[in-house]
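So the sequence lines, in the order shown, correspond to chains A and B.
The opening residue of the first sequence carries number 42 in my numbering; numbering runs sequentially from there.
The opening residue of the second sequence carries number 3 in my numbering; numbering runs sequentially from there.
Note that these hints are calculated values from the structure, not bench results.
Just to be clear, a hint being listed does not mean it is correct.
Unchecked claim - Distance windows between CB atoms, simulated:
1. A:194 <-> B:122: 57 to 65 Å
2. B:55 <-> A:255: 46 to 54 Å
3. A:383 <-> B:134: 45 to 53 Å
4. A:274 <-> B:218: 46 to 54 Å
5. A:255 <-> B:281: 43 to 51 Å
6. B:31 <-> A:302: 49 to 57 Å
7. A:255 <-> B:118: 56 to 64 Å
Said to hold, decoys possible - No more than 30 Å apart at the CA atoms, straight line, and that leaves these computed lysine-lysine pairs for DSSO-like:
8. A:111 <-> B:37
9. A:158 <-> A:267
10. B:37 <-> A:211
11. A:392 <-> B:37
12. A:267 <-> A:188
13. B:143 <-> A:186
Heads up, the beta-carbon is just placed ideally off N, CA and C, and yes, glycines get one too.
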Amino acid sequence: MKKSIQHSLLTLTAACAIAASGQTLAEDKVLHVYNWSDYIAEDTVAKFEERTGIKVTYDVFDSNEVLEAKLLSGGTGFDIVVPSSSFMARQIQAGAYMELDRSKLSNWGNLNMPMMKSLEVYDPGNKHSIPYMWGTTGIGYNPEKVKAALGDNAPVDSWDLIFKPENLEKLTACGVAVLDAPTEMYPAALKYLNLDPNSLNKDDYKAATELLLTIRPHITYFHSSKYISDLANGDLCVAVGWSGDVLQAADRAEEAGNGVVVEYVIPKEGAGMWFDMLAIPADAKNVDEAHAFLNYLMEPEVIAEISNYVAYANGNSASTPLIDEEVTSNPGIYPTAEAEKNLYPFKVLPKEIDRMTTRGWTKVKSGM
Amino acid sequence: MNLKKFIPSGRTLVIGIPYTWLALFFMAPFALVLKISFSEAEIAIPPYTDVFRYVDDTLSVVLNIGNYIFLTEDDLYIAAYWGSVKIAFFSTLFCLLLGYPMAYAMARADEKTRNILLLLVLLPSWTSFLIRIYAWIGILKNNGLINNLLMGMGIIDQPIIMLNTNFAVYIGIVYAYLPFMVLPLYANLIKMDISLVEAASDLGAPPWKTFLKITLPLSKGGVIAGSMLVFIPVVGEFVIPDLLGGPETLMIGKVLWQEFFNNRDWPIASALAIVMLALLSIPIAWFHRYQAKEMEGES
Numbered sequence: 042m043k044k045s046i047q048h049s050l051l052t053l054t055a056a057c058a059i060a061a062s063g064q065t066l067a068e069d070k071v072l073h074v075y076n077w078s079d080y081i082a083e084d085t086v087a088k089f090e091e092r093t094g095i096k097v098t099y100d101v102f103d104s105n106e107v108l109e110a111k112l113l114s115g116g117t118g119f120d121i122v123v124p125s126s127s128f129m130a131r132q133i134q135a136g137a138y139m140e141l142d143r144s145k146l147s148n149w150g151n152l153n154m155p156m157m158k159s160l161e162v163y164d165p166g167n168k169h170s171i172p173y174m175w176g177t178t179g180i181g182y183n184p185e186k187v188k189a190a191l192g193d194n195a196p197v198d199s200w201d202l203i204f205k206p207e208n209l210e211k212l213t214a215c216g217v218a219v220l221d222a223p224t225e226m227y228p229a230a231l232k233y234l235n236l237d238p239n240s241l242n243k244d245d246y247k248a249a250t251e252l253l254l255t256i257r258p259h260i261t262y263f264h265s266s267k268y269i270s271d272l273a274n275g276d277l278c279v280a281v282g283w284s285g286d287v288l289q290a291a292d293r294a295e296e297a298g299n300g301v302v303v304e305y306v307i308p309k310e311g312a313g314m315w316f317d318m319l320a321i322p323a324d325a326k327n328v329d330e331a332h333a334f335l336n337y338l339m340e341p342e343v344i345a346e347i348s349n350y351v352a353y354a355n356g357n358s359a360s361t362p363l364i365d366e367e368v369t370s371n372p373g374i375y376p377t378a379e380a381e382k383n384l385y386p387f388k389v390l391p392k393e394i395d396r397m398t399t400r401g402w403t404k405v406k407s408g409m
Numbered sequence: 003m004n005l006k007k008f009i010p011s012g013r014t015l016v017i018g019i020p021y022t023w024l025a026l027f028f029m030a031p032f033a034l035v036l037k038i039s040f041s042e043a044e045i046a047i048p049p050y051t052d053v054f055r056y057v058d059d060t061l062s063v064v065l066n067i068g069n070y071i072f073l074t075e076d077d078l079y080i081a082a083y084w085g086s087v088k089i090a091f092f093s094t095l096f097c098l099l100l101g102y103p104m105a106y107a108m109a110r111a112d113e114k115t116r117n118i119l120l121l122l123v124l125l126p127s128w129t130s131f132l133i134r135i136y137a138w139i140g141i142l143k144n145n146g147l148i149n150n151l152l153m154g155m156g157i158i159d160q161p162i163i164m165l166n167t168n169f170a171v172y173i174g175i176v177y178a179y180l181p182f183m184v185l186p187l188y189a190n191l192i193k194m195d196i197s198l199v200e201a202a203s204d205l206g207a208p209p210w211k212t213f214l215k216i217t218l219p220l221s222k223g224g225v226i227a228g229s230m231l232v233f234i235p236v237v238g239e240f241v242i243p244d245l246l247g248g249p250e251t252l253m254i255g256k257v258l259w260q261e262f263f264n265n266r267d268w269p270i271a272s273a274l275a276i277v278m279l280a281l282l283s284i285p286i287a288w289f290h291r292y293q294a295k296e297m298e299g300e301s
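Based on the provided sequences and hints, a complete structural model is requested.
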């Protein structure tokens, strides 16, 4: 769930270069991977190619909606895709994925089994998918600017910061961004109202729309990737965003040495927890190669390196000791046991609810 | 056997090419979209039900008109159509106000300068459309070119918010579509008989009157052609409002995107597209009739 278009373009260029260099041997084994932009370590693919001789074409996307449209039109041409769990559940229902052949996945035992159990909500029996990375949807903020606007007791550890108009009002001047995704913002608003974040009750969504409308005048913009660079540049003081993206903004600010500090917090009321999954489309042509790649990604060393690079937690227990302490000790990436209690999953909602949130979101954004 | 009957004549062949093209790339996709607009959304590949069902040697056709009814039930769609038409109308007007003097000056310039001017109008389109729109983000944003310049000169001390507003959308559209206005106008004005203008001024008409009474009426065809070339694509424009527009920018292209991607409701999205096409065909048909009349008049 992430990332700016610039990054997609960069990665795409790199992918093209890899693809071009692989064109020479026609009978080469090939593999087509479709992943989120900026979501893998720099040499993961190169090392896989070196080891197996399989040429990988690596392409990137930056929204679940785009991936889903491709999958549902059929014939994506990809052998590995990385949907978020709540989207994947529906795609499994539509028959978009093939069942994994566990005999080809010798590293299966490295996976985080309790997590696999909870993932059965999306993929019964874990037949179609394995977890890649997971993270939360929380608040990224600039401590100095928030303090300047709201004083020392600013509620930075609570959704009060966002959903109390009297707080948000004072933050408008220094910039407020929220994700342009009803699937993220409605659960947060519902949770703040003490309602079920995955409610099936239409009245709950009306209440959430009312809440979102009260804070709407104080939101600078709605966008799902622009906030990374704006947080890093100090153009924003608060953003509702994805954990890894905010942490990436913090890294960028530190590298730039511009004096901007960015922090990520999982609000105490709770936050949405999502999983990005690896799966093989039903019409994939290079099934053996796809399994080889999945098995490779389940190696603790490989996935640990990716976690170090992208600042997201993974679904591989065996890799945890190999991940940099800087990453594992960060409560924004590996939540404390206390925070973990309040995390809620994103469930698959019926179409009427989807339509209601999309419509409500349009109302929130345009006043229409 | 007479084979000749089956081999098309050269004339039919030449005429056939554009018709085949239209059939393949316009009628066929249109028929597909029309078909989807009468189906129902479902969780499957592809994500809609079949309109034609062939079971036990019976072909049944199930037309679901619920999608079209749905469009009338929520004022969002009407508002979005209206928003698109409004933005398209004003963009066309601004393009005309800017483009007419440009085309006029080009047509009246001497031949050498004229070609350079023509090249200058076309030159920007050598750069990717997307990159040119991205460039406007850099120019209009809060710490962008304009705001930094104005703040540097001490004229303002708070940045003027320009990006993510309808103002930015107008800038982007007028900028991107101006050549489509200038070129037909130029083609029209260059053909104009200068002696009529000369005669008018010989008979004592002031320049503004000559322009209103002679030049403008004679260039009506160019004005209409240019306006259509701008108005029609702008109604369905998606990229510019998405990149430069803000929450207040409500256009049908964006609503279509939401139906297709966020609601995954291909049937509603298709119905929306069909209605948009139907609405657009009114000005297109009008333009066509005008053109036909014009041609008759000339011959």
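Exercise for the section: Of all the hints given earlier, name the ones this structure violates by number, lowest first. Expected result: 5, 9, 10
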